[in-house]
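Enquirer: The chain contents come next:
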Amino acid sequence: MGDSLITVVAIFLAAILMFIFPLMSLAERTDDISQLAVQTATTEFVDTVRTTGKMTIEDYDQYLSEISSTGNSFDIEILIQQLDENPGKKTTQAEATKIGENLYYNIYTTQVLEQLDTNGRITLKEGDIVTVTAKNTNQTISQMLRNFFYMISGNDSYQIAGQHTAVVSVNGSTSR
Amino acid sequence: MKLQHIAVMFILIIVPISMVMASYIQNQIDAITLQIAYDSSLINATYDAIKAFQLNTTNNKYSSISDSKIRDIEASISTFYNSLNTSMADYSQASTDLEGYVPAILFTLYDGYYIYSSYDNVYSTTGEGEDEKVQITLNGNNYQNGLKPFVYYSAKYKLNNGNIIVVNYTLDNEITVYGDFGGAEGYVTKSGYLINPDYVQNINTSAKTLTYNGVLIEPERLSEHLITIENQELGTTKEDDYIYIFYQNEKIYQDQDDSGNLLYYTDGTPVIFWYDNYMKTYVNDPEIRNYARECNMMSTSAYDYYNEAKEFSEWVIANLGNITQEDTLRIEDGTTPIGNDNTYLSENTGTERIFSASATNDPMLSESAFNNHRLAIIRKSIETNLNTVISNYRTTTLYDYAMPVISNDEWYKVLNNISMVTFMQGMTIGYRYYNNYAIITNNVNKEVVKPENIYIIAEDGTNNREYHQPGCKVLLEGLNNGTLTINGAYPIASFQRQSIRISENSEDDLNFYLQARDGKTLTGCYNCIVNATADYDIYDILEGDSLIDYYNKIENGGTGEISFRNTNSAYQDLRRSYLTALARERYDLYKSNFDLSR
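The listed protein sequences derive, respectively, from chains A and B. Sequential numbering of the first sequence, starting at 1, is according to my numbering. Sequential numbering of the second sequence, starting at 1, is according to my numbering.
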């Protein structure tokens, strides 16, 4: 009786040690690599936008396909803050570069995507700020395995995320 | 063997493998994280540097003079290193070592470029034992970092008669041609703008009017809002609007009294001044005074531009009209033509005659053969020089420097604007070396007038003024239904804030905008300036084509529906202002290094 109990426990332990542990470690490595790929792709996307002064549907599609190639699904948030220097111009003493003396208009993901769909591009100007955040929405294998032992719940239970923000450095060319 | 033994052996095998894998992957992750951080630092530092250049040039009345330009560039390079040092401090790089990792900084300007890199510091002896190279050693090294000599965007061509001539290019359609043409022409040096001469018609030399591509070009009145220092000791200043003209690329303003009446000398000559160091420096030169009186303080620059460009272009077509890319001499030796080697230049213009400007090869337009060839020549020149500089870079590190490959899209950015390209390589990241570059271009400056660099000022019925991009839908619709009228067109730099320092205390600095005339604030249009949406293509306006919304264009999947026909009078008004301003600003651009014929 005692022996068979120990055997059952031993089989369980062996299963955890021999399957779950390597699997978890491997799955977490995969997530690390996905994380890296997503971060790199996000940085590249934002840097392209900032140095060309425009966000095009081609760049966005390429970014999408790059991050999707990690095998996860993502929730992408794009925020464009458009600098409005006009209020600062009305008072001649205002310091154009000082925080608080210029306004920013925000354009959020849905508006950005709508513009990209109709126009194929969004032109930006020097001083605008672009922020892109990508978070995974599916459960990765490592999350599933982890949930087997302990649960993390809530809205922001993402495992893979990439974020980058940059100030646009050039007025986007509006011609062909 | 028992099950437990197998389990232990399995763990013994798997654990080290998994640990090594984990550590390797972690290392790779760290390397890429570091690389991303370096990339950001590099881009940010480059942007800071170009921003410094922009601020220095827009606020510097002498920024176009060669020495002053070198100073602005050096200041901008030191901004680059400061910014890089600050952001790299987190990644444990000793700040003094950073120079060793930046093999080259490329600074492209209107008519040529500077490369900042290391050079051998030597001087040649004279007299006895002449031409011995003596090395100057500083801190144990004979090489130092600094700006290398200015390089023009130039190429040599072989004429049909075997003579070799040189053409210097710029970022727009201006060229300088020099060399021995042989025969009646002999040795020639000529500068000018290459345009399609057939477009220029109905020249009236007394009224100074002509038509360019159907657009009437006339003398125009220009004015600017200035703050002048009246008394330097007391620090009293005066704000007013002044009319101005250009004389030899410098602005000359006409003075007026406090109630706005223009001042004249008794003989009817306008009282004119230069705006030097924020003060009125009155002009005494009779030649300039005479010029001001004769033109009645109306700018004829646009007329002069088209008129001189026509004459120059006709000469170029007659003398260089047969040149095709085959006749270009290789940069490496400067004697053998490239012949039918179509891959030598990045753009293959085939058998098209490069300098033969016509309606099909209009140098003002970006897709002309001239323009493609120009870009290819500039690119070849930069590539060759940069490659040499980077591979010969001498420093204390043992890294083997090499120029990274720059993509076509990125070249296009570099070749079309003032730009700064910084290279950083040789730092160890993980198991490899960092090697990347940053390209930042800038279009707010006084170096070059690109078609996009002209803004149109429009006034509504209540005297409120806003500035617009020429391709702005709000502007065109306003002009079309009569709610807006055009109130001038000026270059982008005129809309930047100017600062005056009147005392030691920087809090006393005064700010003003050159185009905030009549005591009114001039704001940017919310459609095209703040939101940066230009609905119509600027090259369509340049060519005089009908305007089609961007998304309505057939190549963008639209229906091709025309929004404004080229016969529309509002569109014609806009086009006239735009073409006049573009010509005027190009003509009046101060070219410090360029004009060899003057």
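Since the hints were derived computationally from the structure, they do not count as laboratory data. Wrong hints could be hidden among the right ones.
[What the hints assert, rightly or not] For lysine-lysine, the following DSBU-like pairs were computed, each having C-alpha atoms within a straight-line distance of at most 30 Å: (1) A/Lys90 <-> B/Lys450; (2) B/Lys2 <-> B/Lys251; (3) B/Lys553 <-> A/Lys90; (4) B/Lys133 <-> A/Lys89; (5) B/Lys238 <-> A/Lys89; (6) B/Lys450 <-> B/Lys133; (7) B/Lys51 <-> B/Lys553; (8) B/Lys51 <-> B/Lys413; (9) B/Lys520 <-> A/Lys90; (10) B/Lys208 <-> A/Lys90; (11) B/Lys251 <-> A/Lys89; (12) B/Lys380 <-> A/Lys90; (13) B/Lys51 <-> A/Lys54; (14) B/Lys208 <-> B/Lys450; (15) B/Lys553 <-> A/Lys89; (16) A/Lys54 <-> B/Lys238; (17) B/Lys156 <-> B/Lys380; (18) B/Lys413 <-> B/Lys450; (19) B/Lys251 <-> A/Lys54; (20) B/Lys520 <-> B/Lys450; (21) A/Lys54 <-> B/Lys553; (22) B/Lys148 <-> B/Lys133; (23) B/Lys156 <-> A/Lys89; (24) A/Lys54 <-> B/Lys413; (25) B/Lys133 <-> A/Lys90; (26) A/Lys89 <-> B/Lys208.
Fair warning: this is a prediction, and the values are worked out from it, not measured in the lab.
Enquirer: Holds or violated: are the alpha carbons of B/Lys148 and B/Lys133 at most 30 Å from each other?
Expert: Measuring from Cα to Cα gives roughly 18 Å; hence the hint holds.
Enquirer: B/Lys520 and B/Lys450: Cα distance at most 30 Å?
Expert: holds (28 Å)
Enquirer: Could you grab the alpha-carbon distance between B/Lys380 and A/Lys90 and see if it respects the 30 Å cut-off?
Expert: violated (47 Å)
Enquirer: Keeping to a limit of 30 Å between CA atoms, is the pair of B/Lys133 and A/Lys90 held or broken?
Expert: Violated, at about 61 Å.
Enquirer: Measure nothing beyond the straight line between the CA atoms of B/Lys156 and B/Lys380; if it is 30 Å or shorter, mark the hint as holding.
Expert: Within the cut-off at roughly 13 Å; holds.
Enquirer: For the pair supplied as a hint, A/Lys54 and B/Lys238, confirm whether the alpha-carbon distance does not exceed 30 Å.
Expert: violated (41 Å)
Enquirer: Given the hinted pair B/Lys208 and B/Lys450, is their alpha-carbon gap at most 30 Å?
Expert: Distance ~25 Å between B/Lys208 and B/Lys450 Cα, so the pair holds.
Enquirer: Within a Cα-Cα threshold of 30 Å, do B/Lys238 and A/Lys89 meet the stated pairing?
Expert: holds (19 Å)
Enquirer: Would you mind confirming whether the straight-line C-alpha gap from B/Lys208 to A/Lys90 stays at or under 30 Å?
Expert: violated (39 Å)
Enquirer: Between B/Lys251 and A/Lys89, is the straight-line Cα distance small enough, at 30 Å or below?
Expert: holds (25 Å)
Enquirer: Do the alpha carbons of B/Lys133 and A/Lys89 lie within 30 Å of each other, as the hint requires?
Expert: Status violated; Cα separation ~57 Å.
Enquirer: Given the proposed pairing of A/Lys54 with B/Lys553, does the C-alpha separation stay at or below 30 Å?
Expert: This hinted pair holds, its Cα atoms lying about 18 Å apart.
In summary, the numbered hints that this structure violates are 2, 3, 4, 6, 7, 10, 12, 15, 16, 19, 23, 25 and 26.
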